[in-house]
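Novice: Starting from the known structure of chain A, fit chain B onto it as the hints suggest.
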Amino acid sequence: MALFSRKDRKTVPGADEALGLFLFDAVNDALAAERALIAGGYDVSLVAPPPHLRAGCDLSVALPRVEHIGAERVLADAGVHVRDWIADAEGTAQVCDLVTTVDFGEWLMVRAGNMKIVVEKATGMIVNTSGGGCPDIPYLNLALVGKRIDEVPRPKELGYTLCGLMLDRAYVEVCSLLGGAEGGAA
Amino acid sequence: MTLLVIATYPVVDGPVLEGPVTIEPDGGIAIGGTRVPSSQGTSAMLGAAAQVAAHLGTAPPHALVAGDIGRGDGTRHVYERLLDAVGRISPSVVAFHYMQPVMALMRKAVDGLAEAAPDTLLVADAGGMYAAKAAGLASRFELMTPDVGEVGFLADPAVTHPAYVSHYLFGNEGFDPVRLAASAHQTGGAARVLLIKGVRDHIALDGEIAEVVDEPCVPELEAIGGTGDTVAGLASAFLAAGFPTVDAARCACLANREAGRVMGATPAMHARDLVATLPGVLADNLCRWGGACVV
Chain A
1 MALFSRKDRK TVPGADEALG LFLFDAVNDA LAAERALIAG GYDVSLVAPP
51 PHLRAGCDLS VALPRVEHIG AERVLADAGV HVRDWIADAE GTAQVCDLVT
101 TVDFGEWLMV RAGNMKIVVE KATGMIVNTS GGGCPDIPYL NLALVGKRID
151 EVPRPKELGY TLCGLMLDRA YVEVCSLLGG AEGGAA
Chain B
1 MTLLVIATYP VVDGPVLEGP VTIEPDGGIA IGGTRVPSSQ GTSAMLGAAA
51 QVAAHLGTAP PHALVAGDIG RGDGTRHVYE RLLDAVGRIS PSVVAFHYMQ
101 PVMALMRKAV DGLAEAAPDT LLVADAGGMY AAKAAGLASR FELMTPDVGE
151 VGFLADPAVT HPAYVSHYLF GNEGFDPVRL AASAHQTGGA ARVLLIKGVR
201 DHIALDGEIA EVVDEPCVPE LEAIGGTGDT VAGLASAFLA AGFPTVDAAR
251 CACLANREAG RVMGATPAMH ARDLVATLPG VLADNLCRWG GACVV
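Taken in sequence, the protein lines are chains A and B. Using my numbering, the first residue of the first sequence is number 1, and each one after it goes up by one. Using my numbering, the first residue of the second sequence is number 1, and each one after it goes up by one.
Just chain A, with the same shape it has in the complex:
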């Protein structure tokens, strides 16, 4: 086992510890950081930066301050570009986790925040995606519609924005509800 391994860490960040934030130039950098840090055994959460640090479509990664240096090394090794670290997470906001469903008979629609995905129940075919307003959403629409849920990459692997992240949450939920495996590239 590696020295200072984080693999068995179970606590939720923010429960009792002072948090800091990694800031990024792009949402997909934050998503890549989340993946790398989780793979490295860190417990992290995706949050909105404090208001004075927001540019528009922003996502940051929160984790305990004491883990800053090790986590930064993980991100450097993974080639994830970090814009900045701030040792104060006050003023952050959580990404909306509200997920709802609408049953249209042959089709199931799942909403996650401002995004929606519609799947044909019998085949697992994605027949529509909708909502959102960031430019990766029409791109994801073209990439996903007409394919089965088990043969497409997860939206957060293809997308770049918060809308793409919310569509990913809808996708994961519909996979769970219809009993299908999540996409092969995830």
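No lab work stands behind these hints, which were simulated from the structure alone. No incorrect hints appear here.
What follows is a set of in silico ranges between Cβ atoms, one per label pair, in the way DEER data are often shown:
no.: 1; chain 1: A; residue 1: H68; chain 2: B; residue 2: P25; range: 58 to 68 angstroms
no.: 2; chain 1: A; residue 1: A18; chain 2: B; residue 2: A116; range: 44 to 54 angstroms
no.: 3; chain 1: B; residue 1: A114; chain 2: A; residue 2: I38; range: 41 to 51 angstroms
no.: 4; chain 1: B; residue 1: D111; chain 2: A; residue 2: L53; range: 17 to 27 angstroms
no.: 5; chain 1: A; residue 1: D25; chain 2: B; residue 2: V199; range: 37 to 47 angstroms
no.: 6; chain 1: B; residue 1: P118; chain 2: A; residue 2: A122; range: 49 to 59 angstroms
No residue lacks a Cβ here, since even glycine has one placed at the ideal position from N, Cα and C.
Specialist: Okay, now just chain B, sitting in the frame of chain A:
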């Protein structure tokens, strides 16, 4: 009497395209003669706007778009060219649509438009609306077209993207568009007119509900990607044709719903199906809805 739409299209490194919008014989959308992919988003918005212009005999919508798949590159390209296009076209309406919501770029654009074209009416939907609200510029807009998942974002002064909106504002249990429209207006998060798209469409003027449109009721439209975009395109085109803003919003809601009914909407249909249905819907109903048969 021209609508200028500034937006993006979903092609990696796609070049800047500018020109009149046309609908090809197969239903595809072309900008200055170059086709863009048919999907939800701006192609649906442009298709609906082009159908209104064709019906009314007004100038077709003019689009300024660039390829962008969420990295913001195309968004920056079109913002750079916006004022030049406005100077050449002198649009009566500028509509911001699918764009990376970057507050700084929107601030610069709105300030520039206030100097170069102070009488131009501004419309925002999708990422253009997110940027305008997040930058504190919503009240400089004539019309915004949020859905039930977005009006809470406009009403919440603390957030800069709908992904951070609190549960209680998110269009589900206890959802109250009347209260949210008023709150958005009071906190500077709303355009003068809001068209809130939902099972019942609410049109708010200065924070108070002016119209409610709920017939025909076609729940399947919510599942079809791009049917909110077609509402935005319809309303923008009616506004550019000279309709008063509330009338433009009401006619857009009615036309979208009626098109959904006529086409027998199912969750597996697409926005292009709705766009293809619009000519007959407008021919059969617009005189009655809006009092305008031609302009």
